[in-house]
Amino acid sequence: MGLISGILMGTIFGIAIMAGWRHMMRYRSNKRIAKAVDIKLLGSLSRDDLKKICGDNFPEWISFPVYEQVKWLNKQLNKLWPFVADAATLVIRESVGPLLEDYRPPGITSLKFNKLSLGNVAPKIEGIRVQSLKKGQITMDIDFRWGGDPSIVLGVEAAMVASIPIQLKDLQVFTVIRVIFQLAEEIPCISAVVVALLSEPKPKIDYTLKAIGGSLTAIPGISDMIDDTVNSIVTDMLQWPHRIVVPIGGIPVDTSELELKPQGMLTVTVVKASDLKNMEMIGKSDPYVIVYIRPLFKVKTKVVDNNLNPVWNETFELIAEDKETQSLILEVFDEDIGQDKRLGTTKLPLIELEAETTKEIELRLLPSLDMLKIKDKKDRGTLTIKVLYHQFNNEEQLAALEEDKRRLEHRKKLKEAGVLGSTMDALDGAAGLVGTGIGAGVGLVGTGIGAGVGIVGSGFGAVGSGLSKAGKFMGRTITGHSTKRSGSSTPVTSAHENGGGAKPR
947 MGLISGILMG
957 TIFGIAIMAG
967 WRHMMRYRSN
977 KRIAKAVDIK
987 LLGSLSRDDL
997 KKICGDNFPE
1007 WISFPVYEQV
1017 KWLNKQLNKL
1027 WPFVADAATL
1037 VIRESVGPLL
1047 EDYRPPGITS
1057 LKFNKLSLGN
1067 VAPKIEGIRV
1077 QSLKKGQITM
1087 DIDFRWGGDP
1097 SIVLGVEAAM
1107 VASIPIQLKD
1117 LQVFTVIRVI
1127 FQLAEEIPCI
1137 SAVVVALLSE
1147 PKPKIDYTLK
1157 AIGGSLTAIP
1167 GISDMIDDTV
1177 NSIVTDMLQW
1187 PHRIVVPIGG
1197 IPVDTSELEL
1207 KPQGMLTVTV
1217 VKASDLKNME
1227 MIGKSDPYVI
1237 VYIRPLFKVK
1247 TKVVDNNLNP
1257 VWNETFELIA
1267 EDKETQSLIL
1277 EVFDEDIGQD
1287 KRLGTTKLPL
1297 IELEAETTKE
1307 IELRLLPSLD
1317 MLKIKDKKDR
1327 GTLTIKVLYH
1337 QFNNEEQLAA
1347 LEEDKRRLEH
1357 RKKLKEAGVL
1367 GSTMDALDGA
1377 AGLVGTGIGA
1387 GVGLVGTGIG
1397 AGVGIVGSGF
1407 GAVGSGLSKA
1417 GKFMGRTITG
1427 HSTKRSGSST
1437 PVTSAHENGG
1447 GAKPR
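Residue numbering for the sequence shown is 947 to 1451, as defined by my numbering.
A hint or two may mislead.
Stated by the list, open to error - Think about it this way: if two alpha-carbon atoms lie no more than 25 Å apart in a straight line, the pair counts; the simulated DMTMM-like pairs of lysine to aspartate or glutamate are:
no., residue 1, residue 2
1, K1017, D1032
2, K1351, E1341
3, K1293, D1221
4, K1070, D1116
FYI, nobody ran anything at the bench for these hints, they're computed from the structure.
Input sequences plus hints: build the corresponding full structure.
So, in structure tokens, the structure goes:
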């Protein structure tokens, strides 16, 4: 009886083991098949599909296998970060500090660092792509992510308001940094380094603002003002095609081929606007248009009073440094007591223009160029312009560069004399403009401090001494100078002043 029971139990146990084994193998087979299907589907996803799934913060190497992971580099960066942070803090304070003053928005009389520390959390490099786009150069694209713990406090002053410390908290930076190494035959085999932020994917800088010992409501619109200032500095100084050129090796090096140069002249005629939004309780808006390629150099039309269908027919000339990546920006404002109100904005990529061909375009006005942050998406009307792009030849380009340097020095003297409070301030009085025959009217000569000033090209005034030690910024040597403020905070160049190669005709 015991033998029969043992045989029976053994048989049942064996059958159970075999059934369990078969079930497990079938389960594993189904899992492998499902995983293979998922991998196949993931392999067919495009970059846009991945963005929808992962959001904007996905690493570049996910959608671009050419980006290589560099875990070893992140480990070394974590060890070096305390020393790198101290050095970077000094450079940022000395170089970016003056830029805050140059780019300070209207309504703010002073903008500076009260406290600056990059914290203890090192950035993370998600991936690196190495290319050889040009002989004698190595191009490296770095997928840079930083969610650090910096301590940044800005001192903000406005008319009739005491200084308010504004703290930048929860800072996060997501961007792709392009680094170009210019090779040389002598040790250290690198003669210069070019650094810039790629415009695509667009650099993303997130942060929150907190007033220390006060309230953000003390200065109306302060959050938007600081956002605009940060965005202007990034797009106008660091975002490609703009770049930092740093000579390496301690010996004189010709970096002219690496520097940003004037590429052409854009002639813009602001014709008219139609069906503008009325921002007034009584009467109608008093619109005018701000026109620029670079935020630092803006020109504006006259104001048309009490009209939602204004006609301007005003022509300006603007310098373009890179037709493939830059855009013409047009912003329509309503002149008002205190702060002017934005009626709409639009942009025109220069790459869409054909050289030496006049084109009339009707552009739809938007509440903002970044529509993701806008709730009110109602129609803002249209803006009609005429544009003509002229490509410089070598002689025109060299002449524009020389004239650019002369005007930058003239602008610097105006700041030192107290005529200008910041680089974006407008001058009172008409400017005497004398053409020098550079291309399509690019050479415009200011006749002196009393009469006004002309500025051509893509440069900027005195911007601190930090980067003068490192090399050249935008292809121009940087020197630091103390400046006086006139108290003026006009955000754009008036139609009487030529700014950044722009003039009324």
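For each hint, the structure was consulted:
Distance restraint check for K1017 and D1032: the Cα-Cα separation of roughly 23 Å lies within the 25 Å cut-off, and the hinted pair is therefore satisfied. With a C-alpha separation of about 16 Å, the suggested pair K1351 and E1341 falls inside the 25 Å cut-off, and the hint holds. Distance restraint check for K1293 and D1221: the Cα-Cα separation of roughly 18 Å lies within the 25 Å cut-off, and the hinted pair is therefore satisfied. For the hint pairing K1070 with D1116, the CA-to-CA distance comes to about 16 Å; that is within 25 Å, so the pair holds.
In this structure, none of the earlier numbered hints is contradicted; all agree with it.
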